[in-house]
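Required output: the full structure, derived from the provided sequences and hints.
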Amino acid sequence: MTDDGAAVVAAVEAVAERIEAERDHLTQLDSAIGDADHGGNMARGWAEAADAARDLDDPDAEAVAKTVGKTLMAEVGGASGPLFGGSLVFAAGELDEGITPETAVAFAETYLEKVEDRGDARVGDQTMVDALTPAVHTFKKSIEVDDLPPVEALAKAVDAAERGVAFTVPIRARKGRASYLGWRSVGHQDPGATSTLFILEEVLDVAANRVGVDVPETDASSPTIPDEDPDEAADDGSAAASEDD
Amino acid sequence: MVGIVVVSHSERAAEGIAEVAAEMAGDTRIEPVGGDGKGGIGTVPDAIEDAIDAAAGEGSDAADADGVVVLVDLGSAVMNADVAVELSEAEAVIADAPVLEGAVNAAVAATDPSATVESVREQAEAARDIEKL
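Sequence lines, in order, name chains A and B. FYI, the numbering used here numbers position 204 of the first sequence as 204, with every residue one higher than the one before it. FYI, the numbering used here numbers position 65 of the second sequence as 65, with every residue one higher than the one before it.
Be careful, since some hints might not be right.
[Claimed, not checked] Restraint ranges, calculated between C-beta atoms of paired labels, are given here:
1) I41(B) x A6(A): 33 to 43 Å
2) D57(A) x D46(B): 13 to 23 Å
3) V93(B) x L181(A): 28 to 38 Å
[Said to hold, decoys possible] Computed list of lysine-lysine pairs in DSBU-like fashion (alpha-carbon distance at most 35 Å, straight line):
4) K175(A) x K70(A)
5) K175(A) x K132(B)
6) K70(A) x K38(B)
7) K175(A) x K38(B)
[Stated by the list, open to error] Partial list, derived from the structure: chain B residues whose beta carbon lies under 7 Å from chain A:
8) D46
9) S76
10) N80
11) D82
Source of the hints: derived by calculation from the structure; they are not laboratory data. Please read these numbers as outputs of a predicted model, since none were measured by experiment. No residue lacks a Cβ here, since even glycine has one placed at the ideal position from N, Cα and C.
Here you go:
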């Protein structure tokens with residue numbers, strides 16, 4: 001197995017363990033605004049995915065990510081299957097040269113793009129996109145603009161995701177089953193955004209462990225939620241205009 | 001020949017809808033697919049991909065395959081079909097149509113010798129305007 005392949009297997013195992021530990025928490029969040037199956041579905045899916053990843057014979061990072069995505073698609077069910085799993089299957093291709101800062105950014109961007117396309121949600125709809133979008137944009141900016149080491153960039157992304165999860169509480173759901181609740185969805189934390197944060201936290205932990213550094217302190221005091229792609233940020237407000245479509 | 005795939009959260013619903021549509025379908029390939037693969041309610045992208053490939057006539061004469069129109073029922077069936085369409089090598093499109101009426105319309109349209117994926121999808125989507133009362 002390549003080092004990168006082993007790292008992805010380790011990350012998937014850590015995620016499976018964390019989601020299992022948070023199973024009741026996620027189900028509790030989902031019972032408030034959904035059908036109370038997010039914890040159970042995700043725990044089963046990630047456990048199967050970890051098994052499938054371990055069973056691979058001498059895999060590279062792309063092969064592990066693809067297998068995990070395929071397993072999640074088949075096992076998680078509901079909309080979370082295609083969103084978490086389907087997006088991973090397609091993003092996996094970005095890791096065909098292994099994991100570098102550049103391929104990690106490409107992977108994150110493709111993953112986000114697939115989630116957005118498939119779920120047709122954007123920031124502010126009270127979905128996983130509220131955690132994922134600021135995380136991916138922050139990661140990209142930290143690597144490409146601020147030139148931070150990957151683990152520090154990932155820590156910034158986790159911090160952004162954390163604030164994104166907090167952002168789902170006071171807003172109204174416009175996608176997914178919670179949207180049927182209308183204003184009653186206000187005041188509830190989105191389960192998909194929450195599990196997205198847990199996944200990112202575990203990836204950070206494994207990445208920090210791999211390069212032998214402590215997990216960097218995150219900056220929870222920062223008030224902004226970066227929901228603009230750094231590429232588009234300079235683009236004179238056209239991103240804001242498209243919000244009205 | 002344009003193939004048709006019927007996706008439902010229930011395997012039996014998919015089979016039943018395909019059965020109804022087949023009455024109008026001549027020798028058009030109609031592939032039903034549904035359920036979570038374990039006897040429960042749900043949809044699985046891999047199974048949908050296999051159905052698309054079968055409806056496209058993969059393995060048979062390549063000139064025979066003019067693509068596939070996919071009919072879907074609710075919610076995550078749409079997303080899972082979307083993933084399957086992207087994974088499949090076959091030219092496949094999802095019709096934004098009621099699943100049973102759309103499948104019947106698509107079956108009729110597919111019997112036209114000059115049918116294309118677009119013409120079949122258009123006819124399937126025309127089923128949205130069918131008034132019953």
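Here is how each hint holds up against the structure:
{"no.": "1", "hint": "I41(B) x A6(A): 33 to 43 Å", "verdict": "holds (37 Å)"}
{"no.": "2", "hint": "D57(A) x D46(B): 13 to 23 Å", "verdict": "holds (20 Å)"}
{"no.": "3", "hint": "V93(B) x L181(A): 28 to 38 Å", "verdict": "holds (33 Å)"}
{"no.": "4", "hint": "K175(A) x K70(A)", "verdict": "holds (24 Å)"}
{"no.": "5", "hint": "K175(A) x K132(B)", "verdict": "holds (30 Å)"}
{"no.": "6", "hint": "K70(A) x K38(B)", "verdict": "holds (17 Å)"}
{"no.": "7", "hint": "K175(A) x K38(B)", "verdict": "holds (28 Å)"}
{"no.": "8", "hint": "D46", "verdict": "holds (6 Å)"}
{"no.": "9", "hint": "S76", "verdict": "holds (4 Å)"}
{"no.": "10", "hint": "N80", "verdict": "holds (5 Å)"}
{"no.": "11", "hint": "D82", "verdict": "holds (6 Å)"}
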